[in-house]
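Turn these sequences into a full structure, and let the hints guide you.
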Amino acid sequence: MVYLYWIIFIVYSAMVVGTITTVLMDNRQPVKAMAWIMAVMFMPVIGIIFYFFFGQNTRKEKLISQHSLDLLTKSSMLEFAVQKDLKVPDESKTLVKLFASQNWALPFKDNEIDIYTNGYTFFAELIKEIGKAKKSIHLGTYIMEADALGNLIADILIDKAKEGVEIRLVYDDVGCWNVSDKFFNRMRNAGVMVETFMPVRFPAFTSKVNYRNHRKLCVIDGKVGFIGGMNIAKRYIVGNGKQKWRDTHMKIRGGAVYAIQRAFLVDWYFVSGELISDRKYYPELDGTIKNDKIIQIVTSSPVSKWPDIMQGYVRILLEARHYVYMETPYFLPTETVMSAMRIAALAGVDVRIMIPRHGDAKFVEWASRSYVFETIQAGVKVYLYRAAFNHSKLLVCDDNVCTCGSTNIDFRSFENNFEANAFIYGKETAQQFKQIFMDDIRHSVYVTEKMISQKRPFINRLWESLVRLLSPLL
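For what it's worth, this note's numbering labels the leading residue of the sequence shown as 804, then goes sequentially.
Rather than coming from a laboratory, the hints here were simulated on the basis of the structure.
Bear in mind the structure is a predicted one, so any value in this text is a computation, not a measurement.
Take these hints with a grain of salt, some might be off.
[To be verified] The following label-pair restraints were derived from C-beta to C-beta distances: (1) D888 with E1077: 35 to 41 Å; (2) S904 with A927: 24 to 30 Å; (3) I930 with E1231: 25 to 31 Å; (4) A951 with W980: 28 to 34 Å; (5) M996 with K890: 18 to 24 Å; (6) G994 with K887: 39 to 45 Å; (7) H1161 with K965: 39 to 45 Å; (8) M996 with R1124: 46 to 52 Å; (9) D893 with A927: 27 to 33 Å; (10) A993 with P892: 43 to 49 Å; (11) E1077 with G934: 24 to 30 Å.
[As the list claims (entries may be wrong)] Using 25 Å as the maximum straight-line C-alpha spacing, the simulated PhoX-like pairs for lysine-lysine come out as follows: (12) K965 with K935; (13) K900 with K1184; (14) K1237 with K1184; (15) K900 with K1093.
Just so it is clear, CB atoms sit at the ideal spot from N, CA and C, and this is done for glycine as well.
In structure tokens:
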């Protein structure tokens, strides 16, 4: 019996040492590496299990060949090349170049943008555009609930498939883990091409659960695109005079739709193996939209060489001269973003961030509070949105650049998820997003350092600081 004990001890010790060595050799951010090392050392057995399923680094894996990516990019490249008189504002040239060089996020001009801040107007427009489709509908979403709204959109997609419209749907398996297969099979059986992103057998215990497709994209006939933060679920719709979830989404017409199309077709190739590069999915623009409204569709993923969207946020914060306003449902910033926010605020930039007063994940809410206290100490203004759960993900800076999409200001969005944001350059749209932020302030509580220190008992603050140690793993 004694020998068995020592055998188990030696094997387990070897596993601990091997796991810690693997964490160190991944060359992660020190804070994240230390979090995993602490979990492995001080959570016997459980720590190793959690690392095996949730902690393995996939960023170095090449899941899409460069040749295939070049083919998927070729059509959008051709449309980019034929643009005439593309004039990038001087104050945004470095950011545009950053995205174009590392992400192939090409800048497109001649765009029209409609912004939606509630589900009622967004879904009405989405359904209208789907109903007008003649050739193709490409829809990617993290969540598609089998509720009244989800079934309505499924019925419309089935009707369009019967009309001969090509329909491709990508949904995330973990995001839809509580949705019955019957819901999606009904569409498949009716001719809708449906693919699941990284299907997992046990949502709670698999390494795949850590890397999810969080993007929300839709392209109709290659001419109309949607991008933002809303999933397909009735929680976004105003009911009984009260909105449960507040979010922001956009409809885009113009050159940037080519970039949204490319982003979807890369996802489609990833999940189906079907490489689609036909020019028919990039139809010639009608030429009625002529302006200098420039948009880049920037994607990021755990298999990209760099955390592209995070680097864009950092660049904006460090180059800001007057203000940066941000909204995010989850606030667990990486040290890089936290440092950029701190530097901007201490340099006199009006940095403001808005988060929900109450989140939909208690553990994340606890962890975020210590970050809130730290940002306030640096001079960042923090607002708690109280009218609903604010799921909006937006940033606007200096009346010249703004972004909206699926990216939260947290470790998971910046490092683990497949995300997509539209970065828009120009005064008109930036001021629209600035006004959205100011309107949301009217439904928010301004948080002061005194409020935090007085209202929270010591045991609460201690707990939040302990939970913060695990924030890189959330």
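For each hint, the structure was consulted:
1. D888 with E1077: 35 to 41 Å: 36 Å, holds
2. S904 with A927: 24 to 30 Å: 39 Å, violated
3. I930 with E1231: 25 to 31 Å: Since I930 and E1231 have Cβ atoms about 27 Å apart, the given range 25 to 31 Å holds.
4. A951 with W980: 28 to 34 Å: Check failed, 20 Å falls outside 28 to 34 Å.
5. M996 with K890: 18 to 24 Å: Violated: the Cβ-Cβ distance is about 39 Å, outside 18 to 24 Å.
6. G994 with K887: 39 to 45 Å: Given range 39 to 45 Å: holds, Cβ gap about 40 Å.
7. H1161 with K965: 39 to 45 Å: 44 Å, holds
8. M996 with R1124: 46 to 52 Å: Given a distance of about 47 Å, which is inside 46 to 52 Å, the answer is holds.
9. D893 with A927: 27 to 33 Å: Since D893 and A927 have Cβ atoms about 39 Å apart, the given range 27 to 33 Å is violated.
10. A993 with P892: 43 to 49 Å: 47 Å, holds
11. E1077 with G934: 24 to 30 Å: 26 Å, holds
12. K965 with K935: Given pair K965, K935 holds - Cα atoms ~14 Å apart, limit 25 Å.
13. K900 with K1184: The given pair, whose Cα atoms are some 30 Å apart, is violated under the 25 Å limit.
14. K1237 with K1184: Given pair K1237, K1184 holds - Cα atoms ~15 Å apart, limit 25 Å.
15. K900 with K1093: OK: K900 and K1093 at ~23 Å, within 25 Å.
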